[in-house]
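A.B. asks: Chain residues, written in single-letter form:
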Amino acid sequence: MAGVLHVGGRIVTLADWLAGVIFVALNAYAVLGGADFGGGVWDLLAFGPRRERQRELIAEAIGPVWEANHVWLILAIVLLFTCFPPAFARLGTLLHIPLSLVLIGIVLRGSAFTFWRYGADEEQRYWGVVFAIASLITPLLLGTTAGAIASGALGQGGAATGDGFYTIYVAPWLDPFPLSVGLFALIAFAFLAAVYLTLEAREPELREDFRRRGLASGVGLFVAAVMALLLSLSGAPRVRDGLIFATWALPLHLLTAAAAITALWALWVRRWRVARVAAVAQVSLILWGWALSQYPYILPPDLSIASAAAPAATLRLVSGALALGAVVLLPSLYYLLRVFKSSVSVT
Amino acid sequence: MPDLLAARSQMAVSLAFHIVFAVIGIAMPLMMVLAERRWQVTGHAIYLDLAKRWAKGTAILFAVGAVSGTVLSFELGLLWPRFMEFAGPIIGMPFSLEGFAFFTEAIFLGVYLYGWDRISPRAHLWAGVAVAVSGVASGIFVVIANAWMNAPTGFELVNGQAVNVDPIAAMANAAAVSQTLHMTLAAYAATGFAVAGIHAFLLLKDPANAFHRRALEIALIVGAPAAVLQPISGDISARHIAAQQPVKLAAAEAVFRTQAGAPLTLGGWPDVAARENRFAVEIPSALSLLAFHDPHAVVQGLDRVPESEWPNVPAVHLSFQVMVALGTYLALVALWAAWLSWRRADLAHNRWLMRAIVLAAPMGFIAVEAGWMVTELGRQPWVIYGVLKTRDAVTPMPGLVVPFVTFTLLYCFLGVIVVWLLYRHIIRSPAVPEWRGFYMSGGGS
Numbered sequence: 001m002a003g004v005l006h007v008g009g010r011i012v013t014l015a016d017w018l019a020g021v022i023f024v025a026l027n028a029y030a031v032l033g034g035a036d037f038g039g040g041v042w043d044l045l046a047f048g049p050r051r052e053r054q055r056e057l058i059a060e061a062i063g064p065v066w067e068a069n070h071v072w073l074i075l076a077i078v079l080l081f082t083c084f085p086p087a088f089a090r091l092g093t094l095l096h097i098p099l100s101l102v103l104i105g106i107v108l109r110g111s112a113f114t115f116w117r118y119g120a121d122e123e124q125r126y127w128g129v130v131f132a133i134a135s136l137i138t139p140l141l142l143g144t145t146a147g148a149i150a151s152g153a154l155g156q157g158g159a160a161t162g163d164g165f166y167t168i169y170v171a172p173w174l175d176p177f178p179l180s181v182g183l184f185a186l187i188a189f190a191f192l193a194a195v196y197l198t199l200e201a202r203e204p205e206l207r208e209d210f211r212r213r214g215l216a217s218g219v220g221l222f223v224a225a226v227m228a229l230l231l232s233l234s235g236a237p238r239v240r241d242g243l244i245f246a247t248w249a250l251p252l253h254l255l256t257a258a259a260a261i262t263a264l265w266a267l268w269v270r271r272w273r274v275a276r277v278a279a280v281a282q283v284s285l286i287l288w289g290w291a292l293s294q295y296p297y298i299l300p301p302d303l304s305i306a307s308a309a310a311p312a313a314t315l316r317l318v319s320g321a322l323a324l325g326a327v328v329l330l331p332s333l334y335y336l337l338r339v340f341k342s343s344v345s346v347t
Numbered sequence: 001m002p003d004l005l006a007a008r009s010q011m012a013v014s015l016a017f018h019i020v021f022a023v024i025g026i027a028m029p030l031m032m033v034l035a036e037r038r039w040q041v042t043g044h045a046i047y048l049d050l051a052k053r054w055a056k057g058t059a060i061l062f063a064v065g066a067v068s069g070t071v072l073s074f075e076l077g078l079l080w081p082r083f084m085e086f087a088g089p090i091i092g093m094p095f096s097l098e099g100f101a102f103f104t105e106a107i108f109l110g111v112y113l114y115g116w117d118r119i120s121p122r123a124h125l126w127a128g129v130a131v132a133v134s135g136v137a138s139g140i141f142v143v144i145a146n147a148w149m150n151a152p153t154g155f156e157l158v159n160g161q162a163v164n165v166d167p168i169a170a171m172a173n174a175a176a177v178s179q180t181l182h183m184t185l186a187a188y189a190a191t192g193f194a195v196a197g198i199h200a201f202l203l204l205k206d207p208a209n210a211f212h213r214r215a216l217e218i219a220l221i222v223g224a225p226a227a228v229l230q231p232i233s234g235d236i237s238a239r240h241i242a243a244q245q246p247v248k249l250a251a252a253e254a255v256f257r258t259q260a261g262a263p264l265t266l267g268g269w270p271d272v273a274a275r276e277n278r279f280a281v282e283i284p285s286a287l288s289l290l291a292f293h294d295p296h297a298v299v300q301g302l303d304r305v306p307e308s309e310w311p312n313v314p315a316v317h318l319s320f321q322v323m324v325a326l327g328t329y330l331a332l333v334a335l336w337a338a339w340l341s342w343r344r345a346d347l348a349h350n351r352w353l354m355r356a357i358v359l360a361a362p363m364g365f366i367a368v369e370a371g372w373m374v375t376e377l378g379r380q381p382w383v384i385y386g387v388l389k390t391r392d393a394v395t396p397m398p399g400l401v402v403p404f405v406t407f408t409l410l411y412c413f414l415g416v417i418v419v420w421l422l423y424r425h426i427i428r429s430p431a432v433p434e435w436r437g438f439y440m441s442g443g444g445s
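Order-wise, the sequence lines are chains A and B. Just so you know, we're using our numbering here: the first sequence kicks off at 1 and counts up by one. Just so you know, we're using our numbering here: the second sequence kicks off at 1 and counts up by one.
If you're looking for bench data, these hints aren't it; they were derived computationally from the structure. A portion of the hints provided could be inaccurate.
[As the list claims (entries may be wrong)] The following label-pair restraints were derived from C-beta to C-beta distances:
1) A:D302 - B:Q161: 14 to 24 Å
2) B:I168 - A:A326: 14 to 24 Å
3) A:I244 - B:E309: 35 to 45 Å
4) A:L255 - B:T42: 51 to 61 Å
[Said to hold, decoys possible] Derived coverage of chain B by chain A (criterion: at least 3 residues anywhere in the stretch with Cβ under 8 Å from a Cβ of chain A; other residues may be distant):
5) 86-99
6) 113-119
7) 390-404
The beta carbon of each residue, even a glycine, is placed where N, CA and C say it ideally should be.
Here chain A stands alone, though its shape is the one from the complex (with noise of 0.2 Å):
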């Protein structure tokens, strides 16, 4: 496999790739349970005459791909242990406060999801609440801790260098370009419920409801986009140097505008289809862009991927066990988003 390809001419590795289906898992859990976090925060700030219709159009869009959506996450967590085991061990210490509030929030989200939906009508209010607030914390918390990874804040240092509690154990992630970065992930996963909620009402009034919460969001992420660049001028410096400097960057930017132009264009011209493809694509290439800055980093400044890469005999397998886990997993997803997120019924 080596020798295939070159970026910024390296080689790509057999590591490298396995990184990039990390990387593409982060990106479908972004794109898809994030969607899910969106629609809890729309759940929060449901209001307007079609306040009920709004949420019930939120849980029944979420219903059936809930759990699969979730499983992105648990993927990307096994193959870093599996094949980066020194980044997944210092990210666990590190960011042991971060990571420990996401899980309660995935805790509460997930089951407060579930007692929503099978609790009583008169308890149904507060599962509610709990799952529209743990919607609102859980990817403030992601995004911080993707921004304290981009910061280049969790180098070896920790204990050995003798600082202090805080020192090793907050200030990386509690630090304004970290939680910029959260409040990004926290916007961009409500834009991208409201889009995807837009093709999912059958109401026009609903889907109007919708689109001008994602034309609001979608101005919202763009200003949360350039806050987080301004803050990476200091905060960030290698990510600042990549999305800057490297030859690749202006093409990607170039993209991503684009994709962020059509996205806002397709909404305003109520292209709901096409408003979905691009707010995919704008985001998954601000992740994207993310991951080209910090290659070949795996944690910056001093993890790389090469360093922290688990045997070659390991590395081949997983590789091997993902090609067969996709020929079981790709067409059943398939078959999922066909039964439920295509109006033509299958049988």
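Put chain B on the given structure of chain A with help from the hints.
C.D. replies: Positioned in the frame of chain A, the structure of chain B alone reads:
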């Protein structure tokens, strides 16, 4: 609270909580598929109602199991980063496969739950089968990873580093077959008897209720054969442990002294200081016979290793006794029910059998928890047997008592709500009065 103890406690609480949902996630889909199949064959709406209720139960429990499983996959890094750094490349493979199995399960559960009116009955049943099969597969993969911690293989240790890593050999470790067999049977037995117990309780009040009679029947079809086979699988496990993990067996049986013709001890309380098991009933040579199929075989005692490498002997011994006692009870009740069925007796009207099954309801789960206590506590102080000590695997992060308390409270809260929801959706009798006489009029078979 010391950080190591807090980390171990948090892991224990997370596992103890998750295992309940994992076990139900393995067995409940099978019951749901059996009920749906009977509905398709007989056309009786009562089976459809059962299938839908069990599907709801599966949905609720799967959702909670999915999040508690997510917590565990993160906790491996949050609490035991040094363990994962070492073990990840060797044993990540079954976790990856489990990820795929879990994914398949999630996809087809979505299809099953929401697809009643969208796909053909045949496709719907197969979606259920896919859930049941992938549920078993994910359980097996996770237990294989745990088995490797008990029987580590597939690598060479050079200066504390693992070299020549062979993940396939690691998966084919010596404990894999006995542990996965024991756990899969346990899942069917525990879930089958828990469901059977609930319906037996309601049948005691209302023996003619066709709904509960059908539910009991399917629950016993799933639970009883597994409960009967479990002691055989237990024997395979015990013989494996006797050969590969003698310290664990010595702790489970409270054998302090290496001896030939070792007796089997029933009950008792190990006095570690005095090196004896007080108040125990001993069956001469029976342990040697069971562990090595030879009454004169030498059973290694705790004296073979320094006391610093002993597990908590009273805890392991007690857990082991509880597991064996409860498992035996389940097997006997299963045989009794099978005997009555063979004689074509009406199980639901046999009040003593119904009472025995009610008593059995929590036992399978208690036995599962106790069994995991044996295997996990019995391996201490090692996290990877003979390779890495638990205290060397824990995160350097201080203040671990905070997450421990937080997650414990969270799990207590969730547990209460899940029980309440299950009561509402699955256990309560259907409010359809005509089904009461359904069985008596000979409507079903």
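A.B. asks: So, for every hint listed, does it hold in this structure?
C.D. replies: Status of the hints after comparison with the structure:
A:D302 and B:Q161 have their C-beta atoms about 19 Å apart, which keeps the hinted 14 to 24 Å range intact. In this structure the hint that B:I168 and A:A326 lie 14 to 24 Å apart at CB holds, the actual value being about 20 Å. Remark: the range hint 35 to 45 Å for A:I244 to B:E309 is contradicted by a beta-carbon distance near 57 Å. Between A:L255 and B:T42 the CB atoms are about 59 Å apart, so this pair conforms to the stated range of 51 to 61 Å.
A stretch counts as covered by a chain when three or more of its residues have a beta carbon under 8 Å from one of that chain; for the stretch 86-99 of chain B and chain A the count is 12, and the coverage holds. Using a Cβ-Cβ cut-off of 8 Å, 5 residues of the stretch 113-119 of chain B lie near chain A, which meets the minimum of three, so the contact claim holds. By the rule of at least three residues with a Cβ nearer than 8 Å to a Cβ of chain A, the coverage given for the stretch 390-404 of chain B holds, with 6 such residues.
Figure legend: structure checked against the earlier numbered hints; the only hint not met is number 3.
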